[in-house]
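From first to last, the protein sequence lines stand for chains U and Z. For the first sequence, counting from 1, position 180 maps to 180 in UniProt numbering; every step adds exactly one. For the second sequence, counting from 1, position 94 maps to 94 in UniProt numbering; every step adds exactly one.
Keep in mind that the hints are not guaranteed to be accurate.
Because identical chains cannot be distinguished in the list, a pair is counted as satisfied if it fits within a single copy or across any two copies.
Stated by the list, open to error - Straight-line alpha carbon distances no greater than 27 Å define the calculated DSSO-like cross-link-like pairs of lysine-lysine that follow:
#  : residue 1 : residue 2
1  : K78       : K168
2  : K168      : K130
3  : K168      : K80
4  : K56       : K14
5  : K92       : K140
6  : K92       : K130
7  : K204      : K168
8  : K168      : K126
9  : K126      : K140
10 : K204      : K75
11 : K92       : K78
12 : K76       : K204
13 : K204      : K126
Hint data in this document are derived by calculation from the structure and do not stem from the laboratory.
There are 2 protein chains.
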Amino acid sequence: MTIQLTERQELIIKIVQDQGPITGEEIADLIGLTRATLRPDLALLTKSGLLEARPKVGYYYTGKSLSSKLSEEIKKLKVKDFKAIPAVVSDKSSVYDVIVALFVQDVGTIYIVSEGGILEGVVSRKDLLKIALGQVDIHKIPITVVMTRMPNIISTTPEESLLAAAQKLINHEIDSLPVVRPVTVEGRERLEVIGRVTKTTITKAFVELGADKLIQRGERP
Amino acid sequence: MTIQLTERQELIIKIVQDQGPITGEEIADLIGLTRATLRPDLALLTKSGLLEARPKVGYYYTGKSLSSKLSEEIKKLKVKDFKAIPAVVSDKSSVYDVIVALFVQDVGTIYIVSEGGILEGVVSRKDLLKIALGQVDIHKIPITVVMTRMPNIISTTPEESLLAAAQKLINHEIDSLPVVRPVTVEGRERLEVIGRVTKTTITKAFVELGADKLIQRGERP
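Using the sequences and the hints given, assemble the complete structure.
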């Protein structure tokens, strides 16, 4: 809870939870105070969203705490406002080429694209470490052999919430989500890569939140 | 802002910003309303921390919004309440042993420890990928040759804030922080590894925040 409630306010909430909808007069009678005395408390409780008041009906409990309002603010944050530039390589690359690109771009996961930035696959450091350990010539193996292919790639979109993207990272135990938009190529529906959301993206958002910068960002038009 | 202010409340804030400290009577006079009419507004604005009231002085503006209160709540979260079990291997291991451990434990970074869980080094997937590419026998190279050594390891402690830990991850461009506590071994000050905080840890905390679970967690005794 962001706001510390007084004992009287806690009591009002309890009464409304048990007996709501209930009028302000009735609450005042139960507590043994006047309606006027309770006015600031009822104003605070309705303003904060804990209670709602309906004319001719009275007060009822919404179950919304300030922390759930905060959670609503978090849910409004969009992928498009936080996404990073995608790290991509051509699907003509060898495994060796991709490892070099991974080091040069200093990313943990790289996207494999065909002409026009169309998403074909995803490769992580873990995949590349596994292949590098094998007794194979990584210069000769095409990346398409080892990558995770469409349609088995978990992705996100600019309009998706950052929270939903973070949940995908956790639930699927992956480090990186390509941000995609649908395009039609030669009559087929494909996905163009336009960004990435990683655990680094989420960690940066968390830091902004703690530094009190994220909410303002969320309010940008 | 978590709470949507009314136009009248915005006006009160502006007056207090410009002319505070100022009494409730004076604010009421400026707006052309009675002190009683303003009471719920002033109660809300002081409760929410936007204004503070000092007896015989009046109202003044604190500059604190609800989002900065949220930021204060975030700052209270401690590493000890979120840390994961550390992934460790003995400093007697070969590079090959460590790669196997990395896959078995499914982590991106592993800590190298001597007897008693004393932190000696850190190795990431990136380090291991680099060494695996070289023309060397990874069975024969001791991990101590390739690891990042103390005292060049960024770490955190149980009592540090989760926000400070997240900032270290971002500022030092690393994926994982060992959680340590100081111990004395044979008269020397060393660090025992007791957990880890990674970008996965922070991403999970972000998801809990959005799911309205984090604040309650932060309130745990």
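Status of the hints after comparison with the structure:
In this homomeric assembly, K78 and K168 come within 27 Å of each other (Cα to Cα) both inside a single copy, at 14 Å, and across copies, at 25 Å. In this homomeric assembly, K168 and K130 come within 27 Å of each other (Cα to Cα) only inside a single copy, at 24 Å, whereas the closest approach across copies is 29 Å. Taking CA atoms no more than 27 Å apart as the test, K168 paired with K80 passes in both settings, with 16 Å inside one copy and 25 Å between copies. Taking CA atoms no more than 27 Å apart as the test, K56 paired with K14 passes inside one copy only; the shortest distance there is 21 Å, against 34 Å between copies.
Proximity of K92 and K140 under a CA criterion of 27 Å is satisfied intra-copy only: 11 Å inside one chain copy versus 35 Å between copies. Taking the shortest Cα distances, K92 and K130 sit within 27 Å of each other both inside one copy (20 Å) and across copies (23 Å). Both within a single protomer and between protomers do K204 and K168 lie at most 27 Å apart by alpha-carbon distance, with minima of 17 Å and 11 Å respectively. When the C-alpha separation of K168 and K126 is checked against a cutoff of 27 Å, the pair qualifies both within a copy, at 19 Å, and between copies, at 24 Å.
In this assembly of identical chains, K126 and K140 lie within 27 Å of each other by CA distance both inside one copy and across copies; the values are 19 Å within and 22 Å between. For the homomeric pair K204 and K75, the shortest alpha-carbon distances inside one copy (16 Å) and between copies (15 Å) are both at most 27 Å. For the homomeric pair K92 and K78, neither the shortest alpha-carbon distance inside one copy (33 Å) nor that between copies (47 Å) is at most 27 Å. For the homomeric pair K76 and K204, the shortest alpha-carbon distances inside one copy (17 Å) and between copies (18 Å) are both at most 27 Å.
In this assembly of identical chains, the alpha carbons of K204 and K126 lie at most 27 Å apart whether taken from the same copy (23 Å) or from different copies (21 Å).
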